[in-house]
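First to last, the sequence lines map onto chains A and B. As numbered in my numbering, residues 51 to 749 make up the first sequence, in order. As numbered in my numbering, residues 10 to 291 make up the second sequence, in order.
Incorrect hints may have been included.
[Claimed, not checked] Keeping only pairs whose Cα atoms sit at most 25 Å apart, straight-line, the calculated BS3-like set for lysine-lysine is:
#: 1; chain 1: A; residue 1: 714; chain 2: A; residue 2: 218
#: 2; chain 1: A; residue 1: 273; chain 2: B; residue 2: 249
#: 3; chain 1: A; residue 1: 289; chain 2: A; residue 2: 273
#: 4; chain 1: A; residue 1: 708; chain 2: B; residue 2: 100
#: 5; chain 1: B; residue 1: 111; chain 2: B; residue 2: 100
#: 6; chain 1: B; residue 1: 100; chain 2: A; residue 2: 714
#: 7; chain 1: A; residue 1: 159; chain 2: A; residue 2: 273
[Unchecked claim] Restraint ranges, calculated between C-beta atoms of paired labels, are given here:
#: 8; chain 1: A; residue 1: 518; chain 2: B; residue 2: 255; range: 38 to 46 Å
#: 9; chain 1: B; residue 1: 45; chain 2: A; residue 2: 83; range: 51 to 59 Å
#: 10; chain 1: B; residue 1: 275; chain 2: A; residue 2: 226; range: 54 to 62 Å
#: 11; chain 1: B; residue 1: 99; chain 2: A; residue 2: 142; range: 50 to 58 Å
#: 12; chain 1: B; residue 1: 272; chain 2: A; residue 2: 632; range: 54 to 62 Å
[Said to hold, decoys possible] Under 10 Å between C-beta atoms, here's a sample of chain B residues computed to sit facing chain A:
#: 13; residue: 30
#: 14; residue: 178
#: 15; residue: 180
#: 16; residue: 211
In case anyone wonders, no lab produced these hints; they're calculated from the structure. Every residue, glycine too, gets a C-beta built ideally from N, C-alpha and C.
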Amino acid sequence: MEKRASRQFNWKEMPMLRLLLPFLAGIPMGVLFPEVPSSIPFWGMGVGAIGSLMLTRRKIPYSLRHVYALCCLLFWLCAGMNLSRQHLAFEWADYFIHQNHPGEEWIGKVIETSDGSFQKAIVEIQEAWCPGEEGRRVKGRALIYPEDPLETGQVILFQAEFQPIPAKRNPMDFDHRRYRFFQNIHHQANIRNGQYQVIRKEPLHKLAAWRNKQIALWKKLLKDQAVYSVATAMVLGYKEDLPEEVRATYAQTGASHVLAVSGLHVGLIYLLLTGLFRKGNRKIVHIANTMVCLTGIWGFALLTGAAPSVIRAATMFSFILVGKQMRRHISIFNSIAASAFFLLIVNPFWLFHIGFQLSYLAVLGIVIFQPLWYHLWIPPNAILEKIWTLITVSLAAQLSTLPLTLYYFHQFPAYFWLSGLIVVPAAPFIIGLGILMVLFQYIWPAATWIPAFLLNKLIGAVNWILVEIQHLPKSVWQDIYLPGASLLLLFMGILLLAWIWELHRWRNLPALLLILNAAVIVRFHAEATRYLREKMVVYYASRETLVDYINRGTMITLKSDSLSVGKEEQIAGAFRKQHRVKTHETWYIRETGAHVKLGDFEGHILYPGRPEPVSPTGTGADFTLLCNNPEVSIEEIEVRGILIADASNWRGNIHRWKEISRQKGWTFVDIREKGAIILSARRSFPSKLRFPEKNSGTD
Amino acid sequence: MKKKSVFFSFSRRERFGTTLLIFSFLIFWFLPDFLPVFFPAPPLPERPAFQQFVHLETPDSVAPAPPDTLFPFNPNEASEDQLILLGLSQKTAGTIIRYREKGGKFRKKEDLARIYSLSDADYQRLEPYIDIPVSGSKGEKRASPSQQSRNLPIDVNQAGSEEWQTLRGIGPGYAGRILKFRDKLGGFTSIEQIGETYGLPDSVFQQIKPLLVLSPVFRTIPINRITEEELAAHPYLSRKQAHVILLFRENHGGFKSLDDLKPIRVLPDSTLQKLTPYLTFE
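So here's chain A without its partners, still in its complex pose (with noise of 0.2 Å):
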């Protein structure tokens, strides 16, 4: 059996990935330890540096040699620490909130506005007036609710409170707080229309003007909303009106890496132009191929009106096509990594965005296994090779992003492989059309329908057939939940796969299907002990109550009257779904009797109009629940267990009873201020009850 080297993964070729990774783990504990003082890491590079220096020239003994890579790992790893810490904006200290007085006017800039239910925008704050004070300039960004919708560009001035953004408030809902966090917003208000005013309005910038302009055209060149949809999601990266079925289709056909510009876009472009250039030996015919490339890869960022995505992955495309110029021989790891370098060190946040996270993984997952899969078959002829290039593309990037997506989405679609047959050859084209379609509007307008039909015609036929395709039987396996140890664990499998497939140790394929039954017995652990567990959950329900008592798949759902369906469903239903709900029973609290039992779980619910139930050993033994400002006086009442106040009442008597409770040392929970709070059960274990189990967590 021969032994094969690897052509690829040569660490010795590959220096940057090799500080890049103390860099990458240095990032988020910047954010995660607040605590730690910013002294540390400080020290921590300032050791590191000096200590690689001193290392650098002298001979160093053996039984050092490992030293200096330590050093280098340790500065890089404080480096990425402290970029991440000082990205962050409370270290700032001119962030706007320092200046939070009340009273305060703000001056602001409207960087983005979205309608929805309701108006939402993001205004980069510029000066602080405290009043009777001097303006001050101040720096940062944040989220302001206003009444009428305001316009990017305009500058207001405007006077506001603000809050931090909230964490969220059941389980499975959105981390909008996360969200928002890795923006670099923190903070949120309301502004009524009394309360701002428009100082003036700044000009978009040029290129956002004309993409916007661009937009519009677009939407009344292609008339289908499903058609221009799509045209501007894939070529302008405007998603803003995509329909919600049309969004459901490309997510459950595996498709939706195409909506978004990123680095495959921008890497079939590379492709079809480094294609172009094949014969040629000499040096100048290279750089000339280089810079063709690059103009191609910049001026189709420019055209699409430069959003974030394609500007990060035309810069590393860049980096790659440098790289490549610079040393044929580069290994373009390297490249890849000295791109993610640069851009992690101009915001070290796009750590955190899906967007980068999925762009990176595509693309590592392109020129790792892309290579592998392409030898396996000659085709017979040029143009069946460019498409058995795009197919081998396709799949090498949806298997890399695959278990990132599962672990995001909860679900997989399992024909993936048969809509990348689809819509990757077909991107190359769109885009195309896309980019005519815009030329043509300059040189020959009045050709300008040719490309708009074609483009109907071709996006109209690729939605029919992912429609088809998403209608096939089983064609999304859903609600398929992923704990964190077996997302690292399927990555480390691909790596191995990557690894044996290069080296052709197929013998190690075993270990292999070992990894995959190691992420598949933890989340069947995962799910065990999620169905197994006796779970109350009480919900942040507005005004409402809602209170779920869930039991291997059996639920009984105590709730107030008025709660809708549909606001039942947006609060509970994904946690429900979780737990594998099959049999479920409502009460409703003004029918139900104050004492209740519940499996394991034995409490009061207090509600107005019930006598108070005020037996001998006072209150139940696990929880005593308040709903709807129920007219009780709590120090009357020997309080056992937990007292949970849900947000069916009001503040004034919240904050009433919190007081006493404090006074009586009794546990008081605040549904409003902390959000949902599940309780569980162990019915496994000899410990009985073990509560609050985590504020609105997950398991």
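Here the structure of chain A is known, so what remains is to put chain B in place on it, guided by the hints.
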């Protein structure tokens, strides 16, 4: 090719191990779906009936022991002290006063029972002493005095606001909405329709259903003579549907029967079914 043969040449031991791992993977993947089989769901707990609890007297209990003083009183006018004398707690008395201050009126004895903090026991005790003078003829236009008693079923097409409010769970708000809805419809043709009233919780509707009784509709839809405005005002039809129906009528002459309406595409069968009891074809 060399690499292919290496790929396919697993020894027997390796084959066994590999196959085992494949099956193990599949088993653990699908195992969570079989959890209900191995660990079946327990029976659901019993719902505790309402008012299971006994009111125990403690020295600091909020409700004082009911005294012997009972006298006739008008809940619309009794002072707080009088109410407390009657044995009500300070809280309950305060609630009654506040209710009155906000414009609430007790028109009949049963209205007092609807005060939340008034226990059933207290109500039973006070009921014989409630003295409410009969109000003048300020009732709703459609109130029929013979149905004042709570025990008779409510005629959904004739009952006025007060009668609706005698039902448990229906207050002035819901009563108003039901009446508005009824006005727009021209009368209820089935009990289920009342459940469609905007904002009426299903639980309340289920409670009042047994107490409702139908009577003939008081306004039909003469489909061949009605104007577009009147048609569009009906809750079951949109403006567009009204417009199309009118156009259809103009082009095809009058509608002779229900079948003539079936071909209209914007009118789904479900809507047509709901409209059928109202339609007349003269």
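Against the structure, the hints:
{"no.": "1", "hint": "A/714 x A/218", "in the structure": "30 Å, violated"}
{"no.": "2", "hint": "A/273 x B/249", "in the structure": "24 Å, holds"}
{"no.": "3", "hint": "A/289 x A/273", "in the structure": "16 Å, holds"}
{"no.": "4", "hint": "A/708 x B/100", "in the structure": "22 Å, holds"}
{"no.": "5", "hint": "B/111 x B/100", "in the structure": "16 Å, holds"}
{"no.": "6", "hint": "B/100 x A/714", "in the structure": "24 Å, holds"}
{"no.": "7", "hint": "A/159 x A/273", "in the structure": "34 Å, violated"}
{"no.": "8", "hint": "A/518 x B/255: 38 to 46 Å", "in the structure": "40 Å, holds"}
{"no.": "9", "hint": "B/45 x A/83: 51 to 59 Å", "in the structure": "42 Å, violated"}
{"no.": "10", "hint": "B/275 x A/226: 54 to 62 Å", "in the structure": "41 Å, violated"}
{"no.": "11", "hint": "B/99 x A/142: 50 to 58 Å", "in the structure": "56 Å, holds"}
{"no.": "12", "hint": "B/272 x A/632: 54 to 62 Å", "in the structure": "44 Å, violated"}
{"no.": "13", "hint": "30", "in the structure": "4 Å, holds"}
{"no.": "14", "hint": "178", "in the structure": "8 Å, holds"}
{"no.": "15", "hint": "180", "in the structure": "13 Å, violated"}
{"no.": "16", "hint": "211", "in the structure": "8 Å, holds"}
In summary, the numbered hints that this structure violates are 1, 7, 9, 10, 12 and 15.
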